[in-house]
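*Asks:* The lines below spell out each chain.
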Amino acid sequence: MAHFTKATSVKDWLNQRLAVEKVEKVMMSEYWIPKNINFLWAMGMVLVVTFALLVVSGIFLLMYYVPTTEEAFNSVNYTIMKEVDFGWLWRHVHGVAASVVFLIIYIHMFTGIYYGSYKKGRELIWISGMLLFVAFSAEAFSGYMLPWGQMSYWAGMVITNLFSGGSLHADGLVEWIRGDYVPAQAFLGRFFMLHVLLIPLAIMGLIGLHFGALRIPHVNNQDGEEIDFDVESKKYLDGDKAGSKVMRFANDFMSKDMMVVGVFLIFFFYLVFWNYGFAMDPVNFDPADGLKTPAHIYPEWYFLWSYEILRPFNVDLGLVLFAFAQVIFVLLPFLDRSPNTVPANRRGIFAIWFWLMLANMIVLTAMGKLPPEGMFSTIGLYSAILFVVQWLALPIITSFEKKL
Amino acid sequence: MKNKEPLILAVVVFFTLVTYYLVEPYAHHVMHKHVESEHFAYADLPAITKTGDAASGQELIMNAGCAGCHSIEAAGMPAPMDAVTAAQSYGVNPPDLSNAGAIYDAKFLSDLIKNPAHALKVEHKFDAEKGQMHPMVAFYGMGGDIDQEVADMVAYLQSIAVKPEDVTPAMAFQDACGRCHAVSYENWTQMGTKPAFKHEKDALAFDIQVMDYQDALKAYMGKLPPDLSMYIRSRNEHFISTLVENPQNHLAGTAMPRVGVTAEAAEKVIEHMKNAGDSKRFEREEIGKNVMIYIIIFAIFALLWKKQVWRDLH
Numbered sequence: 000m001a002h003f004t005k006a007t008s009v010k011d012w013l014n015q016r017l018a019v020e021k022v023e024k025v026m027m028s029e030y031w032i033p034k035n036i037n038f039l040w041a042m043g044m045v046l047v048v049t050f051a052l053l054v055v056s057g058i059f060l061l062m063y064y065v066p067t068t069e070e071a072f073n074s075v076n077y078t079i080m081k082e083v084d085f086g087w088l089w090r091h092v093h094g095v096a097a098s099v100v101f102l103i104i105y106i107h108m109f110t111g112i113y114y115g116s117y118k119k120g121r122e123l124i125w126i127s128g129m130l131l132f133v134a135f136s137a138e139a140f141s142g143y144m145l146p147w148g149q150m151s152y153w154a155g156m157v158i159t160n161l162f163s164g165g166s167l168h169a170d171g172l173v174e175w176i177r178g179d180y181v182p183a184q185a186f187l188g189r190f191f192m193l194h195v196l197l198i199p200l201a202i203m204g205l206i207g208l209h210f211g212a213l214r215i216p217h218v219n220n221q222d223g224e225e226i227d228f229d230v231e232s233k234k235y236l237d238g239d240k241a242g243s244k245v246m247r248f249a250n251d252f253m254s255k256d257m258m259v260v261g262v263f264l265i266f267f268f269y270l271v272f273w274n275y276g277f278a279m280d281p282v283n284f285d286p287a288d289g290l291k292t293p294a295h296i297y298p299e300w301y302f303l304w305s306y307e308i309l310r311p312f313n314v315d316l317g318l319v320l321f322a323f324a325q326v327i328f329v330l331l332p333f334l335d336r337s338p339n340t341v342p343a344n345r346r347g348i349f350a351i352w353f354w355l356m357l358a359n360m361i362v363l364t365a366m367g368k369l370p371p372e373g374m375f376s377t378i379g380l381y382s383a384i385l386f387v388v389q390w391l392a393l394p395i396i397t398s399f400e401k402k403l
Numbered sequence: 000m001k002n003k004e005p006l007i008l009a010v011v012v013f014f015t016l017v018t019y020y021l022v023e024p025y026a027h028h029v030m031h032k033h034v035e036s037e038h039f040a041y042a043d044l045p046a047i048t049k050t051g052d053a054a055s056g057q058e059l060i061m062n063a064g065c066a067g068c069h070s071i072e073a074a075g076m077p078a079p080m081d082a083v084t085a086a087q088s089y090g091v092n093p094p095d096l097s098n099a100g101a102i103y104d105a106k107f108l109s110d111l112i113k114n115p116a117h118a119l120k121v122e123h124k125f126d127a128e129k130g131q132m133h134p135m136v137a138f139y140g141m142g143g144d145i146d147q148e149v150a151d152m153v154a155y156l157q158s159i160a161v162k163p164e165d166v167t168p169a170m171a172f173q174d175a176c177g178r179c180h181a182v183s184y185e186n187w188t189q190m191g192t193k194p195a196f197k198h199e200k201d202a203l204a205f206d207i208q209v210m211d212y213q214d215a216l217k218a219y220m221g222k223l224p225p226d227l228s229m230y231i232r233s234r235n236e237h238f239i240s241t242l243v244e245n246p247q248n249h250l251a252g253t254a255m256p257r258v259g260v261t262a263e264a265a266e267k268v269i270e271h272m273k274n275a276g277d278s279k280r281f282e283r284e285e286i287g288k289n290v291m292i293y294i295i296i297f298a299i300f301a302l303l304w305k306k307q308v309w310r311d312l313h
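Same order as they appear, the protein sequences are chains H and C. Numbering-wise (numbering that gives the first Met the number 0), the first sequence opens with residue 0 and increments by one. Numbering-wise (numbering that gives the first Met the number 0), the second sequence opens with residue 0 and increments by one.
If you are wondering where the hints come from, they were derived from the structure by calculation, not from laboratory data. Possibly wrong hints are sitting among the right ones.
[To be verified] Heads up, simulated DSBU-like pairs for lysine-lysine below, C-alpha to C-alpha not over 30 Å straight-line:
1. H:Lys291 x C:Lys3
2. C:Lys222 x C:Lys273
3. H:Lys233 x C:Lys3
4. C:Lys306 x H:Lys234
Remember, it's a predicted structure, so these values are computed and weren't measured experimentally.
Build the full structure now, drawing on both the sequences and the hints.
*Replies:* Now the structure itself:
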């Protein structure tokens with residue numbers, strides 16, 4: 000057993016038992032962050048804040064939500080929206096945050112791709128981040144089932160149908176997932192459990208892993224500079240704060256994080272109060288009806304690009320490419336063969352690859368929502384092919400890249 | 000080194016807005032048919048040429064047999080039969096005429112009296128030549144100038160109605176829409192507001208009556224018209240307004256009749272639907288402003304804190 004002495008203060012008492020000073024240094028004051036980074040590096044903190052908003056608003060909603068097919072719609076639209084004080088506020092915060100969190104995730108992801116923040120020691124940051132993306136996607140989908148409106152029901156029908164595997168006709172698997180032949184009480188009950196318990200637990204665990212994976216390699220910087228953190232941090236601690244290339248996470252970078260969070264929250268609450276429609280699809284304000292298929296069924300905007308990779312092909316090829324699109328981002332650190340950890344604009348052909356990928360995913364997103372007719376079908380088809388070709392080409396174009 | 004942050008922000012905002020534009024305004028523009036408002040002018044209906052006389056209108060209405068189906072509570076005339084029996088006889092319970100003069104357009108009422116299926120735009124369902132008679136019998140005149148007689152009747156209806164500005168949102172909705180559409184979030188059934196019953200037995204008996212009414216309505220309309228509780232969110236103001244104005248513009252061949260409300264009454268109908276499906280809209284505005292003030296102050300403090308901390312870092 001360790002040697003304990005009579006504590007001189009509360010802090011000392013805690014220190015002997017929890018090493019709070021050490022923890023504070025590791026996590027905050029001596030967690031060194033390069034100075035040459037921009038506001039895109041604050042997206043992690045923005046995500047933490049948004050996730051916190053989701054958890055808190057979700058807890059309030061959970062107090063009144065009733066997970067039965069009979070009562071779910073009314074518990075959301077009547078009880079929460081009309082009866083409960085500020086129920087509407089928590090619902091709008093939850094709905095808008097669920098949509099905005101994906102906007103920030105995409106910005107965060109493309110920041111990582113642009114600056115090469117998945118390379119050389121940072122692979123696990125990227126992989127845990129992509130696992131978080133998958134977990135958030137599952138969380139978003141399961142949450143979308145809960146109001147039990149028309150889009151909940153039909154999106155549940157369409158997405159669970161994917162598991163039949165096209166020509167494999169694994170209908171037994173689909174029934175197993177649904178717990179019924181169609182989305183019904185068993186389906187709603189299990190997605191409720193997933194949404195409020197299992198997936199949030201997974202997300203919290205993955206956030207821990209994501210942060211842990213970041214601690215040793217440190218965050219990347221915007222100039223692709225290799226920083227000797229030991230030398231630079233010593234310089235800082237010796238008093239040359241201005242000359243050092245690094246700063247403390249807290250309070251130095253945290254103050255900038257908070258500034259960005261402040262600006263983000265202005266944008267966020269503007270959406271919550273005045274422009275929430277994009278996050279709460281009108282169709283889902285009609286109660287679920289298995290006998291009435293909506294004219295247009297489409298997922299929320301953040302799933303549209305992968306939906307559009309599924310849609311233009313026949314069912315088997317579509318499913319294969321859809322699966323490809325789901326996993327391919329995870330493999331990025333291994334598909335990128337370049338030895339350079341520098342911003343994309345200094346990587347020649349990779350810069351073109353990056354901007355094309357971004358633009359093409361926006362095109363896919365748009366085509367995923369538009370009805371699959373005429374020109375939109377054609378554009379969607381070529382965009383989906385381009386997406387696949389770009390990923391197949393990535394190892395080739397990056398292996399030609401010279402060491403800078 | 001040059002500060003690249005404004006450029007980076009511009010790039011992020013640009014791609015965000017492009018994506019937003021494509022998946023929201025543009026995609027919805029492509030997916031949903033746009034119907035222009037006709038401003039409740041009812042331009043297809045003949046203009047009124049005669050000035051009505053309420054006193055002779057009253058006499059005409061008594062003699063023409065309107066009260067055989069319609070109640071006129073304002074004139075002390077009760078409904079000839081209960082709502083369920085009426086629905087079983089006519090498909091839908093005929094409206095009380097007390098406030099018709101305040102809620103419906105005069106041109107529409109005139110045409111309705113002379114040719115119901117035409118005014119209601121349900122001639123595809125009720126074609127007299129094929130023997131498909133509209134349950135409301137047309138008024139063929141009492142021997143005088145029929146246009147004068149109709150104008151008199153409309154003048155009478157206007158004279159007994161409340162002033163148009165005194166029509167409440169609930170009155171407008173219940174009169175124009177509420178005999179076909181329930182609004183469960185306002186406790187409204189096709190037979191009126193569901194009362195609070197002391198005994199469950201009585202509540203169930205009422206529910207059964209409503210179901211009987213709904214069965215008759217279903218047979219008449221082809222399907223049960225939807226509960227409109229959340230329609231203000233599942234559709235939108237423009238859609239509802241243009242649908243009420245002329246259902247055929249949105250859904251050609253629909254059994255839903257044109258109900259002929261005035262522009263003011265239509266606004267009240269929508270107001271009522273907002274009260275049902277978006278009841279916290281005023282609170283939202285109010286709290287929204289306060290939250291914005293709070294967040295802007297937070298952002299200013301965060302900015303000042305950042306400036307203070309970073310002063311030593313450069």
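*Asks:* Against the 30 Å threshold, does the CA-CA distance of lysine 306 of chain C and lysine 234 of chain H hold or violate the hint?
*Replies:* Within the cut-off at roughly 22 Å; holds.
*Asks:* For the pair we were handed, lysine 291 of chain H and lysine 3 of chain C, check the Cα-Cα distance against 30 Å.
*Replies:* Violated. Lysine 291 of chain H to lysine 3 of chain C sits at ~52 Å, over the 30 Å cutoff.
*Asks:* Decide if the proposed pair is consistent with the structure: lysine 222 of chain C and lysine 273 of chain C, CA atoms, cutoff 30 Å inclusive.
*Replies:* The hint holds at about 25 Å.
*Asks:* Check whether the Cα positions of lysine 233 of chain H and lysine 3 of chain C lie no farther apart than 30 Å.
*Replies:* Measuring from Cα to Cα gives roughly 28 Å; hence the hint holds.
Figure legend: structure checked against the earlier numbered hints; the only hint not met is number 1.
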